[in-house]
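What follows is each chain in one-letter form.
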Amino acid sequence: MSSLVTKVRLKQIEQLLEKGKRLDERGLRDYREIKIEQGLIERAEGSARCLLGKTEVLTGVKVETGEPFPDTPNEGVLTVNAELVPLASPNFEPGPPDENSIELARVVDRGIRESKAIDSGKLCIEPGKKVFVVFVDVYVLNHDGNLIDCSALASMAALLNTKMPNYEIKEGELKIKQGYVSLPVKSHPITVTIGKINNTLIVDPWLEEEQVMDSRISMALNDEGNICAVQKGGSGYFTPQQILEASKIAQEKAVEIRKKLDW
Amino acid sequence: MNEKPEKLIDKKGIRSDGREADELRPIKLQVGVLSNADGSAYIEHGKNKILAAAFGPREMHPKHLAMPDRMVLRCRYHMAPFSVQERKSPAPSRREVELSKVIKEALEPALFLELYPRTGVDVFVEVLQADGGTRCASITAASLAIADSGVPMRDLVVGCAAGKVDDTVVLDLYDVEDKLGAADVPVAYMPNLNAITLLQMDGILATEEFEKAVNMAMDGCKKIYEMQKEALKTKYMVVKEAGEE
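Taken in sequence, the protein lines are chains R and W. Residues 0 to 262 in numbering that gives the first Met the number 0 are what the first sequence lists, from first letter to last. Residues 0 to 244 in numbering that gives the first Met the number 0 are what the second sequence lists, from first letter to last.
Calculated from the structure, these hints are not laboratory results. Bear in mind the structure is a predicted one, so any value in this text is a computation, not a measurement. Among the hints, erroneous ones may be present.
Restricting the straight-line Cα-Cα distance to at most 25 Å, the calculated cross-link-like pairs of lysine to any residue (SDA-like) are [stated by the list, open to error]:
(1) K115/R <-> I203/W
(2) K62/W <-> K61/R
(3) K115/R <-> D165/W
(4) K259/R <-> T206/W
(5) K100/W <-> N99/R
(6) K178/W <-> V132/R
(7) K27/W <-> G17/W
(8) K115/R <-> P93/R
(9) K211/W <-> T238/R
(10) K211/W <-> K259/R
(11) K115/R <-> E207/W
(12) K87/W <-> G127/R
(13) K62/W <-> P93/R
On the chain R side, residues computed to face chain W include the following (Cβ under 8 Å) [stated by the list, open to error]:
(14) E98
(15) I101
(16) S181
(17) I242
(18) L243
We put the CB at the ideal spot given by N, CA and C, even for glycine.
Go ahead and model the full structure; you've got the sequences and the hints to work with.
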């Protein structure tokens, strides 16, 4: 990306921000429109597509059986992976996951894991030997900024959509019964990302803003409004006051989104 | 291995390793420990033992990664296979890739990147022994290594974590508290500029607890900051004395 173009753009964005405006005519604290569609992929146990403005993420969930981790023998396993597929942006290249996709996957993972969104105790088949493994695969289809929030929403929606085979455990043996059951979901974390451009905090930065912003902070909030994961990113900094302000904004926004989605 | 203590904090408010809630582990800092690096530092933070080295500003390799208007900072956080209880594969894990990124982003605000266009600075962090809070100790050591290399900086960056253990907000979690505690909040901070350059969190915290943890971590950072400055001075004091004779 040309740094000259970025600098011109930065000037424009800064001037608008001084007047409390943004390039795409949103308010500083407004999200783009959120659209969620569930169950598009029949082969997957659960799936959902989230549109955040033009940013588009598809998450597929596969449920398989496997071994638990030795330190949590009675709990199912959650793995989150993210793919920045090359069709989503001219800056994405094929190949093994880079630091951006690994960070994205780990931030989404932390939101789901730390809020205890999945009741992993109910995914145990035989303690220490056999549990359900939930694979959450985040597929970024179009990159127009704020992949973190969009991926977190898509992943949570996909988990809510996940049906696994109805099973019964008889003497440690897994017996598949007729029909399906929903994945046991206990909490609905919502991740809110706030960008900082020249000491102004903006909610849900889109691509043009992302390219010029100093830094961002993402906060995952659980149903009770407690903070369950935080990640600062970007090569700038936040003052302690800005962190507090961001946490208040994040909470307000999470409540708003939660209401809208009825989670 | 470490036996799991029943309670991590006793009735008197003493933690399982004998510390008070707001007490740091013992810290030892040393600057200029490697002769081939442009700058280097070694930190012992509790049982954490970490080496950091800085190289540059130097020509970027591969060349296409160089930026026409600024310097590029690259960072690699790596754990030695013997640094943890179960041998860790020496190949970089996803955790190490993420930490390398957040450590880089924690250090960048301290540098005048635009002063050295087309060049790169590489920071290598090797965790020789880990005991919880390695990313914070790595940042403390890495910023000392950069300072030692002579690259101008806005401020030193200090890392320190706080968290929640059994319902109490405590400073500087060690391995056992990190694994069994309720939440961990690593912070990197530039005390002179009052700027937070790294902030992460996992676990569950109410807003007030989160605020308290961040403040406690910043206070911890300020204490370590004094030790950092002392460590830098110590190196140059020794050089001066040698020159005087």
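Status of each hint after checking the structure:
1. K115/R <-> I203/W: Roughly 9 Å between the alpha carbons, so the hint for K115/R and I203/W holds.
2. K62/W <-> K61/R: Violated. K62/W to K61/R sits at ~41 Å, over the 25 Å cutoff.
3. K115/R <-> D165/W: 18 Å, holds
4. K259/R <-> T206/W: 23 Å, holds
5. K100/W <-> N99/R: Measuring from Cα to Cα gives roughly 9 Å; hence the hint holds.
6. K178/W <-> V132/R: The given pair, whose Cα atoms are some 22 Å apart, holds under the 25 Å limit.
7. K27/W <-> G17/W: Holds: K27/W and G17/W sit about 19 Å apart, inside 25 Å.
8. K115/R <-> P93/R: With a Cα-Cα distance of about 33 Å, the restraint between K115/R and P93/R is violated, given a limit of 25 Å.
9. K211/W <-> T238/R: 15 Å, holds
10. K211/W <-> K259/R: 31 Å, violated
11. K115/R <-> E207/W: 21 Å, holds
12. K87/W <-> G127/R: This hinted pair holds, its Cα atoms lying about 22 Å apart.
13. K62/W <-> P93/R: 21 Å, holds
14. E98: With Cβ-Cβ at 5 Å, under 8 Å, it holds.
15. I101: 5 Å, holds
16. S181: 24 Å, violated
17. I242: I242/R check passes; min Cβ-Cβ to chain W is 6 Å, inside 8 Å.
18. L243: 6 Å, holds
Checked against the numbered hints listed earlier, the structure breaks hints 2, 8, 10 and 16; every other hint is satisfied.
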